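Protein sequences, first through last, are from chains U and A. The working numbering numbers the first residue of the first sequence as 1 and each following residue consecutively. The working numbering numbers the first residue of the second sequence as 1 and each following residue consecutively.
Derived by calculation from the structure, the hints in this document are not laboratory data. Keep in mind it's a predicted model, so treat the numbers as computed, not measured. Just so you know, not all the hints are guaranteed correct.
The calculated DSS-like cross-link candidates involving lysine-lysine, where the alpha carbons are at most 25 Å apart (straight line), are [said to hold, decoys possible]:
{"#": "1", "chain 1": "A", "residue 1": "K239", "chain 2": "U", "residue 2": "K119"}
{"#": "2", "chain 1": "U", "residue 1": "K221", "chain 2": "U", "residue 2": "K54"}
{"#": "3", "chain 1": "A", "residue 1": "K19", "chain 2": "U", "residue 2": "K119"}
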Amino acid sequence: MNDFIKAQGISFSYHVEEGQQPVSVFEDLDVTIHEGELTAVLGHNGSGKSTFAKHLNAILLPSGGKVYIDGMDTADEEKLYDIRQKVGMVFQNPDNQIVATVVEEDVAFGLENIGVPPKEMRERVDRALMDVGIYEYKKHAPHRLSGGQKQRVAIAGIIAMRPKCIVLDEPTAMLDPRGRREVMETIQKLNREYGITIVLITHYMDEAALCDRIIVMDSGKIILDDTPKKVFSNVRELKTVGLDVPQTSELIYEFLKEGYNLPKDVLTEDECIKAITTLFRRKGIKPAKPEQQTEDCSQEIV
Amino acid sequence: MLRDITIGQYFPGHSFIHKMDPRMKIIASVLYIVILFVASRPLGLLLGILMVVMMYMISKISAKMVAKSLKPVVPIIIFTAVLNLFFMTGPSEPLVSFGFIHIYPEGVAMAVMMAVRIMCLIAGTSLLTYTTSPIELTDAIEVLMGPLKKVKVPVHEIAMMMTIALRFIPTLIEETDKIMNAQKARGADMETGSLTQRAKALIPILIPLFVSAFRRADELALAMECRCYRGSVGRTRMKQLEYAKRDFVALAVMLLCLALVIVINIYFPKMI
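Please build the complete structure, drawing on both the sequences and the hints.
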């Protein structure tokens, strides 16, 4: 796999007030993200994850170190618009990133900026709207759509530009559960079907669990960087930095703490149920009704 | 309820006028204003009235809307009419003399003509916003103001600002609604008290609204930058405006009417 994003020893700090000591967000951070990867960046507020995300399309430049996007240095001003075309960005509040008063015009906004001919633009806009599943709303006013739909409009505006990578900065933070599901399904689809590299900044554990890789940040440092299974087996470490783990991982962790012998890398509900029923069987606990086996187990435990 | 306010009062439809190119609609509106002011004979103004009636019939906009658009300008119409009535003097004998007030027949004629002219003007130009969506209107303004780029007028930026303003009106109205409810929940009283008291009660609504508007602007600017926005340089548009046959028909009708009004001015005796 190609290294698509390569951050080498980057540091970033900002001045709160003139003449005061600059506040360091992170120092000497090394991150490599491969092409086609679906990566989640976890961390609570102030961990530097959003600041890191803004380095990926040259909105912010590192005060030390270098960021390379597909081999291009983000500090190179001539490459600025090439980089922004390759790395699209979706923000938290869908209302504040929609420019036009009609859905399709908003999707076309980025393409208009890079000077795509009108005829090709039409095709690309329609394609993008279909990919995110809001084609039937193309003539609607954005403010009449639901949060999840608005966020998908924003994503459509990005994918119409045919980026190689999309960075999403807490895209589901302001959405209801249904909107969150819609957005997550869209993100996964884009990653699987088009091989678009995704960097998902989030603080929802269940969203991170759906990714290929999780990077956990705390006060400007990367403390964990592995597959979801491995990351979520470090329950204690995650808890000490103020993060939660998926309920399944937490349950297994509690069992382990009590001294039961269970596999550590359990993530999905099915795996969890399987692990616990095996444990019960070993201990000689039998379900009352065999056909309701799984339900009984989960009820007892919860 | 606040959510349902429509700004610009656009009524979607499929009439000849709705389908016209927005640029031609603006040009036609300007021509119509010219016709109204060139027409100095009653017959010419009659043509103006006929035109506006025809336009409303073609666009299938109900007559109620005409009344609605005229309502706010009634004081202005009355003011102009009264002014003309009292201060217009003529060679003929005054119709009424009451102390220092003299009303001449010329004054009466002028007052009536001015009133008719303003009414036609408002009704005619309202039709532009009734039949054109705001977004089409901004596109047309951008194109029509194009030549001004030569004298360093930031035409594209102005059009962009108008688009963004239109986009955020519903969002900010919704926000105002939320802030008002939040302040009411904290015991703010906005409905009672004197005018100054009520004006003061608006401050706790306006301040959070402004703060949030600035924050939104900041985020929007960032999002626009991320989508490669860099002003008008090298920019293309998805929707290309194109003149169709109907636009030239409309233009021809307008020019014909203008010519007719000029002919009437020349061949009919001056009334005043």
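These are the hints, each one checked on the structure:
Between K239 (chain A) and K119 (chain U) the CA atoms are separated by roughly 9 Å; this keeps the pair inside 25 Å, and the hint holds. Among the hinted pairs, K221 (chain U) with K54 (chain U) is consistent with the structure: their alpha-carbon atoms are about 16 Å apart, no more than 25 Å. Annotation: proposed proximity of K19 (chain A) to K119 (chain U) holds, straight-line Cα distance about 21 Å (limit 25 Å).
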